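Q: Read off the chains here:
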Amino acid sequence: MSKAPAELKYVETHEWLRLEADGSVTIGITDHAQELLGDVVYVELPAVGSVLAKDAQAGVVESVKAASDVYAPIAGEVVAINDELVGAPETVNADPYGAAWFFRIKPADASVLDGLMSADDYLGQIGA
Amino acid sequence: MSTQTTPLNATHRESGAKMVDFAGWDMPIHYGSQLKEHETVRADAGMFDVSHMTVIDVAGEDATAYLQKLIANDVARLGFDGKALYSGMLNESGGVIDDLIVYRVDAWGYRLVVNAATRDKDLAWMQQVAGSFKVELQERAELAMIAVQGPNAIAKACKVIHEEWESAVKALKVFQGLALAGGWFIARTGYTGEDGLEIMLPGNEAPLFWKALAHAGIAPIGLAARDTLRLEAGMNLYGHDMDESISPLSAGMGWTIAWEPVERDFIGRKALEAQKAAGVAQVQVGLVFEGKGVLREGMRVVTENGDGVITSGTFAPTLKQSIAIARIPAGSSGQVSVDVRGKLEPARIVKMPFVRNGKTVFA
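Protein chains in written order, with the working numbering: chain A, 1 to 128; chain B, 1 to 363.
Bear in mind the hints are in silico, worked out from the structure with no lab data behind them. Treat the hints with caution; some may be incorrect.
[Claimed, not checked] Listed next, the in silico DSS-like pairs over lysine-lysine satisfying Cα-Cα at most 27 Å (straight line):
(1) B/173 with A/54
(2) B/343 with A/65
(3) A/54 with B/351
(4) A/65 with B/292
(5) A/106 with B/359
(6) B/36 with A/3
(7) B/173 with B/359
(8) B/292 with A/54
(9) A/65 with B/173
[Claimed, not checked] Some, not all, of what chain B presents toward chain A, calculated at C-beta under 10 Å:
(10) 36
(11) 38
(12) 68
(13) 76
(14) 77
(15) 91
(16) 93
(17) 95
(18) 228
(19) 275
(20) 277
(21) 353
[What the hints assert, rightly or not] Label pairs and their in silico Cβ distance ranges:
(22) B/108 with A/127: 48 to 56 Å
(23) A/127 with B/91: 39 to 47 Å
(24) B/13 with A/86: 35 to 43 Å
(25) B/280 with A/121: 33 to 41 Å
(26) A/124 with B/174: 22 to 30 Å
(27) B/244 with A/118: 30 to 38 Å
(28) A/75 with B/357: 49 to 57 Å
(29) A/127 with B/343: 34 to 42 Å
Just so you know, these numbers come straight off a predicted model, no measurement behind them. Glycine residues also receive a C-beta, built at the ideal position from the N, C-alpha and C atoms.
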């Protein structure tokens with residue numbers, strides 16, 4: 001049974017988003033995504049300072065069995081990345097909503113989160 | 001075709017296995033973490049339900065002559081009761097119909113173990129070839145098969161097998177099997193690069209025996225770890241590393257072809273001799289990845305002599321890096337590049353296996 005914390009927003013490509021106090025948005029992949037992938041062994045992150053369009057490829061996550069792209073669910077500049085994840089990709093399985101955040105984007109306008117899915121919508125979509 | 005289940009299906013579900021379809025069979029892919037399962041087999045002992053595999057007994061006065069026609073390796077090399085060998089079963093053009101293990105069993109003839117995914121075509125082909133021989137083929141679908149693998153596997157399994165059999169099982173040589181009472185058959189074979197046993201037994205006895213093995217400290221292992229273990233061991237997977245369009249000479253199976261005696265006319269021999277005379281264009285190699293990402297089946301390999309292809313690729317849990325089996329133009333050595341989703345990344349050609357008995361051995 002996949003978990004999806006109520007305070008986060010979600011997109012169809014299985015990324016979660018969290019609005020931080022400074023207006024930046026933290027992005028990672030969902031519990032459901034890590035379950036589908038299985039044991040994660042490789043993570044590639046975007047460069048800090050790169051400017052991503054909405055739905056642009058922002059990174060890669062690979063498990064023993066499969067490779068999957070990670071997308072930028074909103075447009076903006078990458079202001080931080082989780083370097084520790086590259087050295088410890090298994091964290092994605094252990095703590096997808098905490099220690100295994102991928103990157104932070106500074107959106108032009110925080111209202112871009114308004115139209116995204118709630119936890120209930122996301123769980124409904126994945127049939128959980 | 002409806003999904004088939006092994007006698008251990010309910011047992012897997014009770015253990016929390018994640019089940020997937022494999023060649024029409026509902027099989028456990030993992031029981032939580034395929035990485036932990038892989039490590040358990042390398043360091044201790046694990047067990048696999050491989051009851052989906054097809055067991056076929058060959059009896060009759062022409063059994064030896066039949067198998068000498070049917071497969072590329074030579075059963076005349078099986079020097080004593082129970083001795084096993086690995087072979088390809090080829091078509092007339094030298095392509096691999098399947099790979100298999102054959103045991104000499106003096107009680108009736110031979111026992112073959114072939115792949116589940118190829119069962120129907122294998123049996124049809126075997127029946128066709130059998131036409132001119134006095135042989136009886138009997139599929140043993142009522143048997144379950146459990147592989148116990150790892151450095152502690154035999155010792156742990158011996159705690160729960162029939163006491164009378166223990167000394168005989170401990171005395172088994174590598175690649176030797178033993179036909180026992182009640183339909184049991186225990187062989188010192190496997191598909192992981194570790195020591196261990198493959199145990200065939202009546203399906204209705206399998207759930208209780210599986211639980212006894214678990215009680216003896218042998219952990220259940222899914223098909224996902226089976227794949228990474230066999231890849232580290234440099235062992236082929238049918239349908240990936242070879243198939244009917246691929247010569248055994250291009251699939252690292254040259255050592256399984258018994259060229260001597262020259263008068264033995266096994267199916268595919270003429271085609272292979274012609275290939276050998278002309279020079280084999282593509283060969284199988286191991287690759288150790290030095291770039292970013294994970295090598296996957298189907299990726300293009302760029303060499304100084306032209307392009308090749310990865311036939312199996314994964315992250316190798318024991319090596320903590322990505323490895324692959326590839327088919328590339330003959331004569332290549334040293335460094336190659338792999339097209340990883342549009343980027344050329346470096347890899348190194350190595351001699352397989354990558355891992356044997358828990359140790360890194362490639363060079």
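Q: Would the hint on residue 93 of chain B stand, with a C-beta cut-off of 10 Å toward chain A?
A: At 33 Å from the nearest chain A Cβ, residue 93 of chain B fails the 10 Å test, so the hint is violated.
Q: Under the criterion of a CB-CB separation shorter than 10 Å, is residue 228 of chain B in contact with chain A as hinted?
A: Nearest chain A Cβ about 6 Å off; hint holds.
Q: Lying within 30 to 38 Å: is that true of the beta-carbon distance residue 244 of chain B to residue 118 of chain A?
A: Given about 52 Å between the Cβ atoms, the range is violated.
Q: Take a quick look at whether residue 106 of chain A and residue 359 of chain B sit within 27 Å of each other, Cα to Cα.
A: violated (47 Å)
Q: Please work out if residue 173 of chain B and residue 359 of chain B have their alpha carbons no farther apart than 27 Å.
A: Roughly 21 Å between the alpha carbons, so the hint for residue 173 of chain B and residue 359 of chain B holds.
Q: Using 10 Å as the Cβ threshold, decide whether residue 91 of chain B counts as touching chain A.
A: The hint is violated - residue 91 of chain B has no Cβ within 10 Å of chain A, the shortest such distance being about 31 Å.
Q: Are residue 277 of chain B and chain A close enough, Cβ to Cβ, to be under 10 Å, as the hint says?
A: violated (41 Å)
Q: Does the interface hint hold: is residue 36 of chain B within less than 10 Å of chain A, judged Cβ to Cβ?
A: Hint on residue 36 of chain B: holds, closest Cβ of chain A at ~8 Å, below 10 Å.
Q: Within a Cα-Cα threshold of 27 Å, do residue 292 of chain B and residue 54 of chain A meet the stated pairing?
A: holds (25 Å)
Q: When you take the CB atoms of residue 280 of chain B and residue 121 of chain A, is the distance between them in 33 to 41 Å?
A: Violated: the Cβ-Cβ distance is about 57 Å, outside 33 to 41 Å.
Q: Note whether the CB distance of residue 127 of chain A and residue 91 of chain B lies within 39 to 47 Å or breaks it.
A: Roughly 45 Å apart at Cβ, these two residues keep to the hinted range, so it holds.
Q: Quick one, is the residue 76 of chain B hint okay against chain A at 10 Å, beta carbons?
A: Where the cut-off is 10 Å and the nearest Cβ of chain A is about 41 Å from residue 76 of chain B, the hint is violated.
Going through the hint list in order, the structure does not satisfy hints 1, 3, 5, 9, 12, 13, 14, 15, 16, 17, 19, 20, 21, 25, 26 and 27.
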